[in-house]
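Student: This is what each chain is made of:
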Amino acid sequence: MEQSVLHRTLRDIAAVLVVAIFMFPLFWWALTSIKPMYAIFNKDHVVVFDFVPTLINYAVVLLGWSRAEIAIESGSTFGVGGTSSYDSRQTILDSIIVSVGSTALTMVVAVLAAYALSRMTFRTRTGFLNWVLGQRFMPPIAIIVPLVLMYKAAGMRDTDNLFMGYVGLILIYALMNLPIAVLLMKSFFDDVPKDVDEAAMIDGATRWQTFRRIVLPMVRGGIAAAAVLCFIFAWTEFLLSLFLTTIIRTVPVKITTFVTSTGSEWGFISALGTAAVIPGFIFILLVQRHLVRGLTLGSLKE
Amino acid sequence: MSFRDYDKKTFIADTARDFALRRISKRDFLKKMALAGVGFSAFNAGLLGTGYQRGKGIISSAEAQTPEEMTKWLKDVGAPFKGSKVRYTSEATPPTVVLNQIKNEFTEPTGIEVEIEIVPLEQVLAKAIQDVQGQLGTYDIYYLDQSWVATFAPDTVDPVSYYKEKPDLAMPGFDFDDFSAPLVKGLALYDDKWVGIPFDIPIFITMYRRDILEKLGIKPPTTFDEFTAAVKQITEAEKANGIYGTGLQAKSGHYSLECDWTAAIWGHGGGIFGANKKFTGNDEQGINGLKWYQEMLKNAPPQSTASTWDGQFQMMQSGQVALVNSWDEFFPGLDADDSKVKGLWEPMHPISSNVGIRSVDDVGFGEIPNVGHQGGSILGLSKYSKNLDAAWLFMQWACSKEIMTRCTLLGGFAPMRISSFEDPRVKAKAVVGPGTTRHLEVVKWTIDNVMASEPDMPLWAGFSNNEIPVELGKLLTGQDYGGDAKKCMDNVASLIDKAVEDAGLL
Amino acid sequence: MTAAVYDAPAPGRAWLPRWFTSEHPLPWLLPATALMVVFGIYPALYAIWLSLHKRNPVLRKDVWNPSANWLKALADERVWNALYNTFLYTGLALVIQLSLGLAIALLLDTDRRGYGLLRALMTLPLVVPPAVTAMMFLLMLDGSFGVLSRSLYALGLLSPQYPILATSSTALGGVLLADIWQWTPFMVLIMLAGLRSLPKEPFEAAAIDGASATQAFFRLTLPMMSKVIAIAVLIRGIDLFRIFDYVKVMTDSGPGTATETLTSYAGRIYFNGDFPYASTISVITLAVVIIVSTIFMKAFRVRL
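Protein chains in written order, with our numbering: chain A, 1028 to 1329; chain B, 1107 to 1612; chain C, 85 to 388.
Same shape as in the complex, but just chain A (with noise of 0.2 Å):
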């Protein structure tokens, strides 16, 4: 179709102003994060430049400051450092083991069996199907309570043993995936022309080796978009987190930590929560290409 210039020109304005649109909470979010406290609650006018900003937020949950040595920095006061409660490398760095392990895990289980689903014909195909997307329907708040005492019983719990703790909520978090997971891969093995497996396999290769040397290569993309969004959902998941460990911290659980019996630490919190964005974000432009290509929902096509 063509398309006069006018016309082009309207578009681009209206793409730009509607990504703008959903950048600027995130926008605001950043600048809340180098406000200073006056500039985050005034009770004449919304701040938005007129400020001295300050990267002292980022000090304290990126670097581990503690309070004292920002009062000490800004030579107002002493008090005494040790252990800051809102330092957060830690927190990110299990943020990342986790969401890494789970979507790891997820992939290799969800890729097996949508490869099944999508390539073999068995009777129970549909209830397996059905039985897999029933795993998303279960509130968390219901699983909290067994899941605790089964993973107490197990030893699973990072009181008991922090890897155990580590592999307990990757597995859960697996679990939680698997739905999303399984259905994309099963669509995007139902693009891939079935006579491609069975030219392979009149050649005398196995199933195994079919799917190993020639179907999975050709999904590399699918994989790719499926990846990010449970990689997605593993970084910003919180109930399970909260209740199923105690030393290990996801970000999403720190940050509400940030709310303090005397005030939330508006500051801390757009701090941390700024800097969660980076990794994920960082995540989808590697995989950018193969996200919007890659989910093509193959069999919603016909």
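Hint data in this document are derived by calculation from the structure and do not stem from the laboratory.
As the structure is a computational prediction, the values presented were derived from the model and not from experiment.
Just so you know, not all the hints are guaranteed correct.
What the hints assert, rightly or not - Now the in silico label distances, taken between C-beta atoms and shown as ranges:
id	chain 1	residue 1	chain 2	residue 2	range
1	A	Phe1149	C	Ala187	37 to 43 Å
2	C	Leu172	B	Glu1221	28 to 34 Å
3	A	Asn1188	B	Met1454	40 to 46 Å
4	B	Thr1328	C	Val372	54 to 60 Å
5	C	Leu172	B	Glu1401	29 to 35 Å
6	B	Lys1492	C	Val147	24 to 30 Å
7	B	Glu1607	A	Ala1181	38 to 44 Å
8	C	Val142	B	Asp1182	38 to 44 Å
9	A	Ile1274	C	Ser253	39 to 45 Å
10	B	Asp1468	C	Val147	31 to 37 Å
11	A	Arg1239	C	Ile375	38 to 44 Å
12	B	Asp1467	C	Leu172	45 to 51 Å
13	C	Arg144	B	Glu1607	17 to 23 Å
14	C	Ser253	B	Lys1492	38 to 44 Å
Think of the CB as a built atom: it goes at the ideal place given N, C-alpha and C, for glycine as much as any other residue.
Starting from the known structure of chain A, arrange chains B and C on it as the hints suggest.
Tutor: What follows is chains B and C alone, placed relative to chain A:
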């Protein structure tokens, strides 16, 4: 403590302040410190320069004075527990945050590691209940809000008897009598058992903006009626400038609203439960209190109905309100350097009732009506702990005279111990500035004379977090009841009476 | 494709039963099955079992009493109110996110320079944890200091007397705003994928026949996208039904119970320690999700 000790500590504190304010050079500072007998390792000295070594942070000498005897005692008694880990979960209250910062001073001599899991208040409750119910033993120490003390009474070890039972682990000079008696009675005791050791005591006091009251020629109010009149006058005069008479923590469904409500009905001669254990918030005095609160809401920023203590503090710190009856813990923050109202707020005794306070004989479930609503908490030693003795050592350390006093010094919040109130270092900080202690005299008076406590009963945690604030929220935001306080309270009464009866507590 | 030489099946495998070779679905499905049995079935059964107990808050014991919680839930006004709110919330969010998502996807669906960056930026809200998004909007909607609230006051769309999150008639809208900001990008992503996979030929034919862009959209794009839309609605709908973080952080189900959803009510009860009753409400939520999604899948012939 000897007088020499006093002098030394104030000297150190002054010197350190001078240094922090860049009044004296680093060299002078170190020299003076040496005079006072404070040695610095190269590490610490380095930290005081420009290059900080991150991670371990700094221990500023003046306050990092774990007395030698204590360090020695910790070393001796802690030896068998080296390598064990003590864990507790807590809300991010000022003492906990400070304790988290200085816990290394306990870990170094004893070799006992301490992990403090900080989560918001309601999550502390859910996590603790989960732990108790499943007898998981995740936590060795529970942080218990006053409204849950009864709920957890069976799950903790009585610290006073344990202190006597295990003389070899008992910290010399711990002195249980040093804790303010009203705190022990209102917080720690349930059925004559010490459920834990008092650890934090936020309490309602009255605070006012000196400048605004002076400008309008209003005398600081001393009674509810005077308070009401002043609030109305301020709103009328200053609303155009964005200043309201008062600010409230009236967030629907939140414990903060329940706190405001209890303070309101007690102040009007009401009570929560009658001697017959029936809910009495719907009697005449109770309704008067609630109606007064509705009136206050009209003179408060509309955001009040979405604000917890957090929002209320924001209103005060941003200069939006002029007269508040609320937590004393706000005070140090109001005097902070980034506060717009530094030095402008003044603390005073909580406003008194115009109709008298209901007698404790006329209320039920151990409720103590008065005007100084307290929201304190205790540290309880878990029965299910696998490191009971290591945890006990930590608890004694955390609640010892020296550490509690230092927590106060670092945060400016009210101490539990009589000796902390008297400490010269605490008194020295009673000036305008961050971490000020200038409100503590008022706080001490309030604790000793007019402290109020919510009922002690196992269902209270539920009522105070669910039924009461949710129904109040419906009333105050106009979702239900058409603004009729009586209708709302009658409904609350039926909900609560039914639950109490159902639980077999009548 | 070049012909590859494959190894002959290893002789050692011949003794394996057929259901254990890669020709049979079992080994492929085994890891997923194990995960779902251990971490899916057991907790679900436990939740149901727990809902058949009644909590004694004084002794803190859960006593076997199969009907107590279920009768209580049926008679509990707040459950019905929460059910209503859940449906209202899910419905509104779906309609808005779907239409916005489709519109934005159409807008961004071009290979021209710079649009790749716009698409990447558009996905950014997804990586913010919902609990953090909620705090973000809580700050921006603050009745006294929030930038959004203040702007709405300035435009005369809201009165400062009625802060959006503190007023029962508008609070749900405030929470929805956060949800829409966060999840419209998800819809955009799926719609973009759908648009990209549409065949070109019908559009070319339509253009030749002189159909306008609008006609092409309603006659071709929408019908061909219907399956994508159905899947998107299904996945999003399930998540919306279990909405928790936004409500919890932004309004805590308030004011009163104006934004109380099934899961936020269950959460409040859970936080106060009545695990059996919280389980009952969760199981109700589960049942409703199953019923609604089954009806939906039947009605729109969604095949997984």
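Student: Now, for every hint given, state plainly whether the structure supports it.
Tutor: These are the hints, each one checked on the structure:
no., hint, in the structure
1, A:Phe1149 with C:Ala187: 37 to 43 Å, "holds (42 Å)"
2, C:Leu172 with B:Glu1221: 28 to 34 Å, "violated (43 Å)"
3, A:Asn1188 with B:Met1454: 40 to 46 Å, "violated (54 Å)"
4, B:Thr1328 with C:Val372: 54 to 60 Å, "holds (56 Å)"
5, C:Leu172 with B:Glu1401: 29 to 35 Å, "holds (33 Å)"
6, B:Lys1492 with C:Val147: 24 to 30 Å, "holds (28 Å)"
7, B:Glu1607 with A:Ala1181: 38 to 44 Å, "holds (41 Å)"
8, C:Val142 with B:Asp1182: 38 to 44 Å, "holds (43 Å)"
9, A:Ile1274 with C:Ser253: 39 to 45 Å, "holds (44 Å)"
10, B:Asp1468 with C:Val147: 31 to 37 Å, "holds (34 Å)"
11, A:Arg1239 with C:Ile375: 38 to 44 Å, "holds (41 Å)"
12, B:Asp1467 with C:Leu172: 45 to 51 Å, "holds (49 Å)"
13, C:Arg144 with B:Glu1607: 17 to 23 Å, "holds (18 Å)"
14, C:Ser253 with B:Lys1492: 38 to 44 Å, "violated (52 Å)"
Hints 2, 3 and 14, counting from the list given before, are not met by this structure.
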